[in-house]
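All chains, please: the whole structure from these sequences, using the hints.
Quick note, the sequences are listed as chains Y and W, same order. All the letters of the first sequence, read from the start, carry residue numbers 0 to 492 under numbering that gives the first Met the number 0. All the letters of the second sequence, read from the start, carry residue numbers 0 to 120 under numbering that gives the first Met the number 0.
Bear in mind the hints are in silico, worked out from the structure with no lab data behind them. As the structure is a computational prediction, the values presented were derived from the model and not from experiment. Honestly, I wouldn't trust all of these hints.
[Stated by the list, open to error] Pairs of lysine-lysine, DSSO-like flavour, derived with a Cα cap of 30 Å:
#1 Y:409 to Y:154
#2 Y:362 to Y:443
#3 Y:108 to W:34
#4 W:34 to Y:154
#5 Y:443 to Y:154
#6 Y:443 to Y:372
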Amino acid sequence: MIRSNLPALQVVIPLLGAVLCALLRRGNAAWLLALVVSWTMPFVSGAMLANVLVSGPISYALGGWAPPWGIEYRVDVLSGFVLFLVSAVGAVLMPYARASVGAEVDAAKQPWFYTMYLLCLTGLLGIVITGDAFNAFVFLEVSSLATYVLIALGKDRRALLAAYQYLIMGTIGATLYVVGIGMLYSVTGTLNMVDLAQRLPAIEQTRPVYAALAFITVGISLKLALFPLHVWLPNAYAYAPSMATVFLAATATKVAVYLLLRFFFTVFGLHFVFESVPVGEIFIALSVAAMFGASLVAIFQEDIKRMLAYSSVAQIGYITLGIGLANQAGLTGSIVHLFNHAIMKAALFMAIGAVFHRIGSVKIDDMAGIGRKMPATMGGFVIAGLAIIGTPGTVGFITKWHLAVGALDKGMGWLVFLLVLSSLLAVVYIGRVVEVAWFREPGKAAANAGEPPMLMMTPMLILFVLAVYFGIDTSLTAGIASRAAEILLTGPQ
Amino acid sequence: MEVLSGIVAHYNQWITVFLMVSGLYIVVARGNMVKKLVGLGLFQTSVYLLYISPGKILGGTAPILDPAYTTYSNPLPHVLILTAIVVGVATLALGLALVVRINEAYGTIEEDEIFDRDGAA
Chain Y
0 MIRSNLPALQ
10 VVIPLLGAVL
20 CALLRRGNAA
30 WLLALVVSWT
40 MPFVSGAMLA
50 NVLVSGPISY
60 ALGGWAPPWG
70 IEYRVDVLSG
80 FVLFLVSAVG
90 AVLMPYARAS
100 VGAEVDAAKQ
110 PWFYTMYLLC
120 LTGLLGIVIT
130 GDAFNAFVFL
140 EVSSLATYVL
150 IALGKDRRAL
160 LAAYQYLIMG
170 TIGATLYVVG
180 IGMLYSVTGT
190 LNMVDLAQRL
200 PAIEQTRPVY
210 AALAFITVGI
220 SLKLALFPLH
230 VWLPNAYAYA
240 PSMATVFLAA
250 TATKVAVYLL
260 LRFFFTVFGL
270 HFVFESVPVG
280 EIFIALSVAA
290 MFGASLVAIF
300 QEDIKRMLAY
310 SSVAQIGYIT
320 LGIGLANQAG
330 LTGSIVHLFN
340 HAIMKAALFM
350 AIGAVFHRIG
360 SVKIDDMAGI
370 GRKMPATMGG
380 FVIAGLAIIG
390 TPGTVGFITK
400 WHLAVGALDK
410 GMGWLVFLLV
420 LSSLLAVVYI
430 GRVVEVAWFR
440 EPGKAAANAG
450 EPPMLMMTPM
460 LILFVLAVYF
470 GIDTSLTAGI
480 ASRAAEILLT
490 GPQ
Chain W
0 MEVLSGIVAH
10 YNQWITVFLM
20 VSGLYIVVAR
30 GNMVKKLVGL
40 GLFQTSVYLL
50 YISPGKILGG
60 TAPILDPAYT
70 TYSNPLPHVL
80 ILTAIVVGVA
90 TLALGLALVV
100 RINEAYGTIE
110 EDEIFDRDGA
120 A
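Shown next as structure tokens:
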């Protein structure tokens with residue numbers, strides 16, 4: 000009974016959790032509830048992923064209405080992988096949240112913070128699990144609205160402005176997406192993704208379908224912060240509470256990438272998207288611009304959270320680069336980077352969140368000598384930083400390796416050169432922090448700092464270890480990513 | 000003349016596009032945060048028309064099975080747009096709530112003045 004209803008539980012449990020959370024008045028009680036929900040999720044998604052890897056996609060007719068008329072929840076290798084990623088990140092983060100949110104959000108607002116966190120989780124999981132294009136829009140807005148509130152809960156008044164700007168950009172993105180869906184619906188009469196994929200080839204050389212592709216691509220690109228549609232991201236990440244930044248950086252953009260992959264490869268199909276329109280070339284060009292442009296801007300940031308946010312834009316460039324290449328190795332690189340980037344960027348933001356917890360600042364000048372006071376935190380920062388750079392033996396290298404192979408397969412050897420060159424920019428911006436934190440005398444701000452509490456420390460240590468572990472043993476991550484890429488390239492099973 | 004009759008025949012779509020583009024223009028061109036939200040609302044509302052107008056079939060009735068009728072309008076777009084309206088209301092409410100808070104924090108809702116104040120602070 001429970002086994003066959005896992006797809007529904009994946010979304011219903013956090014949704015009910017959010018409602019219950021809203022009724023609680025104490026921050027710690029809400030945290031405990033969110034913790035229980037977050038720890039349940041990886042079991043649900045893990046069970047489904049294991050099932051999918053053995054016996055193929057799961058199709059679940061929500062409410063008993065058979066697809067394509069009813070809403071279908073569909074779990075295949077790619078969505079199973081992303082579901083597990085999102086729920087695992089949530090589970091690892093939650094212990095960290097207690098002290099971090101406790102210090103950064105007013106006591107009266109803490110239950111609301113966890114309510115919004117759970118709603119955001121619901122939306123993100125929903126986008127990934129649904130097989131219905133319009134349902135994906137609804138979940139997109141559920142997660143987005145919750146995200147705006149999470150960002151606005153930051154203490155700095157600029158958090159409000161960042162939330163407002165993200166609300167405008169995010170709504171435009173979601174609306175463009177829904178315009179595209181409307182066009183597809185008006186020419187095919189269906190909203191089910193698999194059904195769309197079957198009906199589109201017959202009419203694909205028509206203007207509404209081209210227009211739909213354009214609207215959907217731009218709409219989702221706004222949500223995933225594809226350069227130059229990323230302008231909302233740095234402020235949003237910089238001024239949100241640390242916990243919200245960690246969660247969003249690790250999951251929100253990844254889910255948008257998932258949706259884009261779903262539309263490019265499952266709904267529209269490889270040949271239509273990459274052969275009749277120069278989408279691949281555009282994505283490669285924008286990705287390279289992101290890798291260099293955003294990394295260069297990151298080098299000049301005084302605020303480390305902002306620096307890491309720009310680094311995120313650059314890293315999203317690597318993900319979209321693999322999509323632009325649209326071959327087996329490139330796509331594997333993209334999909335595995337969803338996972339790898341989630342681990343390393345969550346680790347970096349958590350380390351900076353811990354520093355903020357101790358010294359109340361994320362300015363680089365205040366971090367002088369902090370490494371000597373918080374050796375475990377900043378040691379981990381160095382490890383995760385090496386992963387961002389792409390050092391062999393860390394997760395970042397695995398991604399870049401696959402992307403380089405993908406570029407060579409495509410006959411674009413010069414891209415490998417650019418990949419290495421952009422990694423050098425990461426050396427500069429990560430190196431700046433390392434130099435200040437480890438090789439300077441502790442300043443006034445850092446004088447009384449110490450390691451963060453156990454509950455904050457443990458999740459960080461787990462991520463630091465994983466950033467190295469999955470850089471050495473890639474059978475799990477790259478293995479699943481490679482299978483997912485293969486299915487995307489050869490069409491739905 | 001042909002162009003004109005094309006416009007008249009598809010007047011619903013022309014209205015949709017006009018609303019969509021003017022909404023987007025207001026969002027981009029106005030510095031006042033409430034006006035921006037008005038534009039955003041207009042932009043979202045135009046999508047409701049995009050969905051609903053093709054759902055109506057000329058001469059079709061409400062989709063209730065009856066031997067006397069053979070042509071029915073499509074009810075699904077209405078249902079979809081009911082959901083989209085809820086989303087739009089929630090977005091507008093949240094946006095206005097943020098503007099209220101921004102006004103409390105900065106004492107203005109003009110974007111350029113806010114940027115000035117953050118620069119000075």
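Structure-based check of all given hints:
A distance of roughly 48 Å separates the Cα atoms of residue 409 of chain Y and residue 154 of chain Y; the hinted pair therefore is violated under the 30 Å criterion. For the suggested pair residue 362 of chain Y and residue 443 of chain Y, the alpha carbons sit about 13 Å apart, so the restraint of at most 30 Å is met. Restraint check for residue 108 of chain Y and residue 34 of chain W: the C-alpha separation of about 29 Å stays at or below 30 Å, so the hint holds. Restraint check for residue 34 of chain W and residue 154 of chain Y: satisfied, since their Cα atoms lie roughly 26 Å apart, inside the 30 Å limit.
At roughly 23 Å between alpha-carbon atoms, residue 443 of chain Y and residue 154 of chain Y fall within 30 Å of each other, so this suggested pair holds. For the hint linking residue 443 of chain Y to residue 372 of chain Y, the alpha-carbon distance of about 12 Å falls within 30 Å, and the restraint holds.
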